[in-house]
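Enquirer: Chains as they are written, first to last, in this note's numbering: chain A, 1 to 151; chain B, 1001 to 1077.
Just so you know, the hints here were simulated from the structure itself, not pulled from any lab data. Among the hints, erroneous ones may be present.
Unchecked claim - Listed next, the in silico BS3-like pairs over lysine-lysine satisfying Cα-Cα at most 27 Å (straight line):
id : chain 1 : residue 1 : chain 2 : residue 2
1  : B       : Lys1046   : A       : Lys71
2  : A       : Lys71     : A       : Lys17
3  : B       : Lys1046   : A       : Lys38
4  : A       : Lys17     : B       : Lys1046
5  : A       : Lys25     : A       : Lys71
6  : A       : Lys17     : A       : Lys30
7  : A       : Lys38     : A       : Lys17
8  : A       : Lys38     : A       : Lys25
9  : A       : Lys38     : A       : Lys71
10 : B       : Lys1046   : A       : Lys30
11 : A       : Lys30     : A       : Lys71
Keep in mind it's a predicted model, so treat the numbers as computed, not measured.
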Amino acid sequence: MRQLHSSPEYRIVIPGKAVSFRSPKSGDYKTVIQEAAKRTFTEPIVGETVEVRLDYFHLNRRRMDMDNIAKCVLDALTGIAYVDDRQVQLQASIAYSLASVVVIDQGVVDLIKPLAQYEEYLFIRVRDVRSAITKPNKSLKKGATKRRHAP
Amino acid sequence: MAYSLQICRVHRSDGWQTIGYLYLENERFIVLLNNLVQKADLGPIKYVRNKHIEPEATMIIIPRDQVKAIEILQEIE
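Hey, can you work out the whole structure from these sequences and the hints?
Expert: Shown next, in the form of structure tokens:
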């Protein structure tokens, strides 16, 4: 089981091949992302430390340029997942080629569930990191340290 | 949802064998899970995860065209 932070994590699944922001199809792809995002987000995150993670499952044997795909996704989510893409302080992308055996070491199981329906898809995870920071323990006096007892 | 994963061994065309819980099998892929902690989450994707914990596992995705045979090792109810 993975310990999640206290802030909610929002997920969006975009079936099919992902599109680079340089592609002439990027406009259509952004529309698809936006329609899917509207089903997940009721309002944009307003915090200034948004984290966006992309996991792209594809059938190509060649290496994917995730940087250009990420630009397209971040642009599409503006105004729906967050107000401005400058809020995104952490962005991570990974591509998995399903043309050969893929091993994902200790990942969240939700990542692979779309394989039941789709051959290729982009799995987007968005959350506000700052609201996940845990509050300090108020029971401790100033300057005191928490003592650990041996089991 | 019932916990009904089977432990199986997948014989691959590259000569390797992979053992794990058979999570998904369709015309394109076979997905095995390993290192499961407690029960696998067999339900649909949760598009908003509010809970503090979430199931994790090592996931092995094997393309169907690289599978020679699937051998069921143990049935789990």
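Enquirer: Would the pair A:Lys71 and A:Lys17 pass a check requiring their Cα atoms to be no farther apart than 27 Å?
Expert: Judged against 27 Å, a Cα distance of about 15 Å means the pair holds.
Enquirer: Decide if the proposed pair is consistent with the structure: B:Lys1046 and A:Lys30, CA atoms, cutoff 27 Å inclusive.
Expert: 22 Å, holds
Enquirer: Is it true that the CA of A:Lys17 sits at most 27 Å from the CA of A:Lys30?
Expert: Holds, at about 13 Å.
Enquirer: Starting from A:Lys30, check that the Cα of A:Lys71 is at most 27 Å away, please.
Expert: Cα-Cα ~10 Å, so holds.
Enquirer: Holds or violated: are the alpha carbons of A:Lys38 and A:Lys17 at most 27 Å from each other?
Expert: 20 Å, holds
Enquirer: Given the hint that B:Lys1046 pairs with A:Lys38, does the C-alpha gap stay at or below 27 Å?
Expert: 15 Å, holds
Enquirer: A:Lys38 and A:Lys25 were given as a pair; does the straight-line alpha-carbon distance stay at or below 27 Å?
Expert: It holds: about 20 Å lies between the C-alpha atoms, which stays within 27 Å.
Enquirer: Hint check: A:Lys17 vs B:Lys1046, CA-CA at most 27 Å. Holds or violated?
Expert: 22 Å, holds
Enquirer: Given the hint that A:Lys25 pairs with A:Lys71, does the C-alpha gap stay at or below 27 Å?
Expert: 14 Å, holds
Enquirer: For the pair supplied as a hint, A:Lys38 and A:Lys71, is the alpha-carbon distance within the 27 Å limit?
Expert: Holds, at about 19 Å.
Enquirer: Given the hinted pair B:Lys1046 and A:Lys71, is their alpha-carbon gap at most 27 Å?
Expert: 25 Å, holds
Comparing the model with each earlier hint shows no violations; every hint is respected.
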